[in-house]
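Chains A and B, in that order, are what the protein sequence lines are.
Its first residue numbered 1, the first sequence is counted upward by one per residue in the working numbering.
Its first residue numbered 1, the second sequence is counted upward by one per residue in the working numbering.
To be clear, the hints were calculated from the coordinates, so they are not data collected in a lab.
These figures come from a predicted structure and were not determined experimentally.
C-beta atoms are modelled at their ideal positions from N, C-alpha and C, and glycine is treated no differently.
Check the hints yourself; a few may be wrong.
Among the chain B residues that face chain A by a calculated CB cut under 8 angstroms, a handful are [said to hold, decoys possible]:
1) 160
2) 195
3) 217
4) 220
5) 318
6) 321
Computed list of lysine-lysine pairs in DSSO-like fashion (alpha-carbon distance at most 27 angstroms, straight line) [unchecked claim]:
7) A:193 - A:110
8) A:203 - A:132
9) A:193 - B:215
10) B:234 - B:222
11) B:150 - A:132
12) B:222 - B:150
13) A:112 - A:132
14) A:132 - B:281
15) B:22 - B:33
16) B:150 - B:97
17) B:281 - B:92
18) A:112 - A:193
19) A:132 - A:215
20) B:33 - A:203
21) A:132 - B:92
Computed footprint of chain B on chain A; a stretch qualifies when at least three of its residues, placed anywhere within it, have a C-beta under 8 angstroms from a C-beta of chain B [what the hints assert, rightly or not]:
22) 58 to 66
23) 86 to 96
24) 257 to 263
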Amino acid sequence: MKNTSVKKIPKKKSEIWIALLFSSLWIIGFLVFSLYPLIQSLLFSFNQVNVTPTEIVQTNVGFENFRAVLFDDPDFRNALRTYLIQMVVYVPIIIVVSLVIALLLNTIRKGKGFFRTIFFLPVIISSGPVIKQFIDQGVASFPGGQDVINIDALNTMLPSFMVEITTTFIDSFIMILWFTGIEILIFLVGLQKLDKSMYEAAKIDGASSWECFWKITLPALNPIIVINVIFAVIMQSMFDLNPIISKIRADMYAVEFGFGYAAAEAWIYFVILLLVLGIYVLIFIRKPSRKVKHD
Amino acid sequence: MINMWLGKLKQFFTRIKPTLNKIGRFFRRLWEKIQVFVHWFLFPSNDRRAPVVSVLLIFLLIIFSFIYIYPLLYMVSYSFMSAEDVVDPLVKYVPTKVVFTNYVDALKTLNYWPNLGGSFLVAFIPSILQCGANSLLAYALSRFNFRGKKVLLALVLLTFVVPQQITMIPQVVLLSKLKIIDTIFSYIILTTFGQGIRGAVFVLLFYSFFNQLPKSIEESAKIDGANAFTIFLKIAVPSALPAYILTFLLSFVWYYNETVLATLYLGNDITTLTLQLEVFKSAYEAMMNQSGSTGKSINEAIYMAGTFMTILPLLVIYFITQRFFVEGIDRAGITGE
Numbered sequence: 001m002k003n004t005s006v007k008k009i010p011k012k013k014s015e016i017w018i019a020l021l022f023s024s025l026w027i028i029g030f031l032v033f034s035l036y037p038l039i040q041s042l043l044f045s046f047n048q049v050n051v052t053p054t055e056i057v058q059t060n061v062g063f064e065n066f067r068a069v070l071f072d073d074p075d076f077r078n079a080l081r082t083y084l085i086q087m088v089v090y091v092p093i094i095i096v097v098s099l100v101i102a103l104l105l106n107t108i109r110k111g112k113g114f115f116r117t118i119f120f121l122p123v124i125i126s127s128g129p130v131i132k133q134f135i136d137q138g139v140a141s142f143p144g145g146q147d148v149i150n151i152d153a154l155n156t157m158l159p160s161f162m163v164e165i166t167t168t169f170i171d172s173f174i175m176i177l178w179f180t181g182i183e184i185l186i187f188l189v190g191l192q193k194l195d196k197s198m199y200e201a202a203k204i205d206g207a208s209s210w211e212c213f214w215k216i217t218l219p220a221l222n223p224i225i226v227i228n229v230i231f232a233v234i235m236q237s238m239f240d241l242n243p244i245i246s247k248i249r250a251d252m253y254a255v256e257f258g259f260g261y262a263a264a265e266a267w268i269y270f271v272i273l274l275l276v277l278g279i280y281v282l283i284f285i286r287k288p289s290r291k292v293k294h295d
Numbered sequence: 001m002i003n004m005w006l007g008k009l010k011q012f013f014t015r016i017k018p019t020l021n022k023i024g025r026f027f028r029r030l031w032e033k034i035q036v037f038v039h040w041f042l043f044p045s046n047d048r049r050a051p052v053v054s055v056l057l058i059f060l061l062i063i064f065s066f067i068y069i070y071p072l073l074y075m076v077s078y079s080f081m082s083a084e085d086v087v088d089p090l091v092k093y094v095p096t097k098v099v100f101t102n103y104v105d106a107l108k109t110l111n112y113w114p115n116l117g118g119s120f121l122v123a124f125i126p127s128i129l130q131c132g133a134n135s136l137l138a139y140a141l142s143r144f145n146f147r148g149k150k151v152l153l154a155l156v157l158l159t160f161v162v163p164q165q166i167t168m169i170p171q172v173v174l175l176s177k178l179k180i181i182d183t184i185f186s187y188i189i190l191t192t193f194g195q196g197i198r199g200a201v202f203v204l205l206f207y208s209f210f211n212q213l214p215k216s217i218e219e220s221a222k223i224d225g226a227n228a229f230t231i232f233l234k235i236a237v238p239s240a241l242p243a244y245i246l247t248f249l250l251s252f253v254w255y256y257n258e259t260v261l262a263t264l265y266l267g268n269d270i271t272t273l274t275l276q277l278e279v280f281k282s283a284y285e286a287m288m289n290q291s292g293s294t295g296k297s298i299n300e301a302i303y304m305a306g307t308f309m310t311i312l313p314l315l316v317i318y319f320i321t322q323r324f325f326v327e328g329i330d331r332a333g334i335t336g337e
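Here chain B stands alone, though its shape is the one from the complex:
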C-alpha cells in the first residue's frame, strides 16, 4: 500500500520536475534581476543614472524646499485672512476670503514709506563703505609680504570671534564723545574704518578672492611702472568684482536686518522697518487710539502682513540679484585655504 503510494508520488515528481525546474529558474532569474535593479537603483554607475533615482532626488529636494519656505507660505496665506478666519479653528491654511485690509493697517503701523527710506539709507551707505577698508586690508594681506602679516590675520579672526556685546558699550561711549552717536555717521565712521557688522567675514572673503587671482598681470603692470594704488584700482578691483558685489549685498542684508546696533547707534534719529516691527504691537495700538477706532484689536493676520511687508524689499532684491550671491561664493573659493 505504502509502496504503491510512494511509487505514484515518485512518478508524479518525475513528471513535474521540468516544470519545477522552470519555476525555480524563473525565480532565480527574477531574484538576479531584482538584485541588479536594486544595485542600479541605489548605486548607479557614473555616466548612466536610473531615471527613478533622478526623480527620487528631485522629489527629496522638493520636500526640503517646501520645509524651507513653509514659514513664508504660512505668512503670506495668513496675511490675507480676515479677523474671523484667524479665530476660526477650521480655517487652517487657506483663507476663506482674501482680505487686503491687513496690509492697509500694517503699512500704516509700520509707517512704511518713510521707514523704508530709513532702512535703505542705513543699509546702503555702510554697505558701500564695507567694501572699502576690508578689501584694502585683504589686498595688503594677499599681495605683500611683511612682518606682522600673521598677527594682522589673527586680529581679523579675533574681531570675528568677539561678541559685539563686549565692545558695544565702550564703542557707544566713544562715539558719543565724538558727538556722532544717534546719527548715521556712527555707522559711517565704523564701516569706513573696517569695523562694520561681520567685517571679518568680508576681509576673509576678499582675502581668498585676491589669493585666487593670478599675479602675473599685476607684475607686468608693475614693470611698466604703475604704482600699487593704480594696480589695485585698475586691475585688482575689476577682477574681484564678484567679491565686491557679494560683500555689498550681504552687508546690505545684514544692515537692513540689524536691530540691536541700530537702537544703540541710531537712537531716534532714523527708524528702520525692522526696528518698527519690533515695536509693532504698541505702534499698532497707538495708531488705533489716535484714529479713535479702538474696536479693532491686533491679530495674527496683521502681524504677518507687517512681517511680510518688512522682508518684501529684501525678497525683491534677492530675486533680482540672486545669481551674484551664488557666483560670489562660488568663485571666492572660501574652501581654498
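Bound-form chain A, shown alone:
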C-alpha cells in the first residue's frame, strides 16, 4: 500500500502537465480564435463600427445597437417570429419522427442496413444551397399538402399563429424529415442498449408491448431524448437558411447597419437560442422519480 501511494504522488503532478500538453492545441485555439473573437464582438456590439480599407473605426454608442435591434427593426422581429415558429414546429416533429423510425428499424430483422442508409442520406447532402433549390422547386413540402388542406378555410377558423404553424408544417415537411438522420441513429444506439431482461420481466407480469413502450422504453430513453432535443435545436439554429442567420449575414455588410449592429443581433440571437434550448430541456427532462414507498 505504502509503495503505491508514494509512487502515485509524482505521477499525479506530471499528469497535469501531460494533460495540458495534450489539450494545449485546443486551448490555444480556443483562446485566440474563439474567446478573443467573442470578447471582440461583444465590444463591437456596443460600438458603431466602420470599416475603412486601412483600419476599423469604432465609436461608442452604448446600448443603442441593442435597443435598435429589439425595438426599431421590424425585419429582425419578423425573422425572430419565423425562427420561433420553426423551433416550435420542427423540434417536436424531428424527435417524434426519428423515435418512430428508430423503433421501426429496431424491430425488423432483415434490411435494417438498407433503411438506415436511406434515412441517414439527407445528412450528407443537406447543405444550404441544395436545400434552397428544393424549397424553390416546391419539393420540400408535404406531397399534395396544399390540395388537402385549405389554407383560406383555416384562416377563418384558427388564430393566425396556429395557421402559420400549420403552413410551416406543410411547406417544409420533407425538409423537417431531412434533419432527422443523426437523431435516428442516436435513438437506435440507445434502443439497442436497453436492458432486455426488463422486458422479459414485464412480459411475465402480463404487460403488453404497448404498455412496455410507455412504461419501460420511453423512460429509459429519456436522457437520449434530451440529447437529441439539444442536438436538433442547435442544428436548426445554426443552419444556413435560418431566417435570423440570413438577416445577420445580410446586415454585416449593409451600409446602414455594419458590424456593430450585426454583433448586437448575434448576441441577442445567442441569448434567445439559450432560452429556447433551456425551455426545451426543461420540458423534456424528467425529474428523477420519487422512491417507491413500501407499505
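Following the hints, complete the assembly by docking chain B onto the known chain A.
Relative to chain A, chain B alone:
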C-alpha cells in the same frame, strides 16, 4: 287462436334451439378468434411475431424512405427533362424523352472539374486536421484527472452553442491581420487549433469513444515504460479508429457543404461547387452571353441537373463508406453519459 299461435311458436323455437345455439357458439368462437388474432397482430409475443406485422412494418418503412428520398427522385427525373417537358403541365414526374443537354450545360456552368477539385481540397485538408486537436483534447479529458477538467468541458460545450455569427467577423479581422485570409490557410489554422466547423461535436464524440475503451492495456503499457504520447499513438488511436473515420467523413461532408464560412474565409481564391451553385443563375446567364447563344434561358431542369452534379460526389462517397458512419455512431456510445 292466440294460444294456438303461441304454441306453434314455442314448438318452432324448441325445434331450432340447437341450431341457434350452434350459430351462437360459432359466433362466440369467431369473436374469440378475432380477439386472439387482434392481440397477436398488435402485441405479438417476444419470440414469435405475426408475419402480417413484419410485412406491415416493412411497408411503413418503405413509405417513410420514399418520403425521404422523394426530393432526390424528383430531382433526378427533372434533370433529364427537355425544356418543353418542364413547361408542359401534363408532364409531372417522368420525362417524355430523356435529354442529356441539361447536364452538359450544368457542368459548364458549374465549371465542374476545377471546382470539384476546389471542393475536395477545401474539404479534405481541414477534415484531416479536425481529427488532430479535437482527439488530443478528448484524450486528455478522458484519461487524465486534473483541475479545470470540468471547466474545459464546459468551454467545449460553449463553442458548441455559440452561433458562428458572433465570432465570425472578429475571426476574419484576426485572420486578415495574420495575412492568411482568402487562402486555404485560414481553414488550416482554425482546424489545426481545434476551432473548425462543429469541432465540439467531434470532441464529445472522441471523448465518449475514449471513455468506452478499456484502460488496462494503456496502464500495462505505462508500467512497461511507454510515455503518454507513444501510448496515445500506438494504442488509443488505433483502437479509436472508427471515431477517426467518422470524424473525417462527417467533417468532410460539412466542409464540402459549407458556404457561409467559405465566402468569408476563402474569398475568391478557391471556388467550390456549393459556392458556384449559390450563384448558379447568374453564372449560367454569363456563360450564355459569352457564347453568344442568348436564346436559351435557364429552366428548372438545368437547376436540378446542377444540384444533382453538386451532391453526386457526396452520394458516391456516402454509398462507399456508409457502414463507417453507422459503425462510428454505433460504437461511440454517445448515449453513454
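Starting from the hint list further up, note which numbers the structure goes against and sort them upward.
Failing hints, ascending: 3, 4, 6, 8, 11, 13, 16, 19, 22 and 23.
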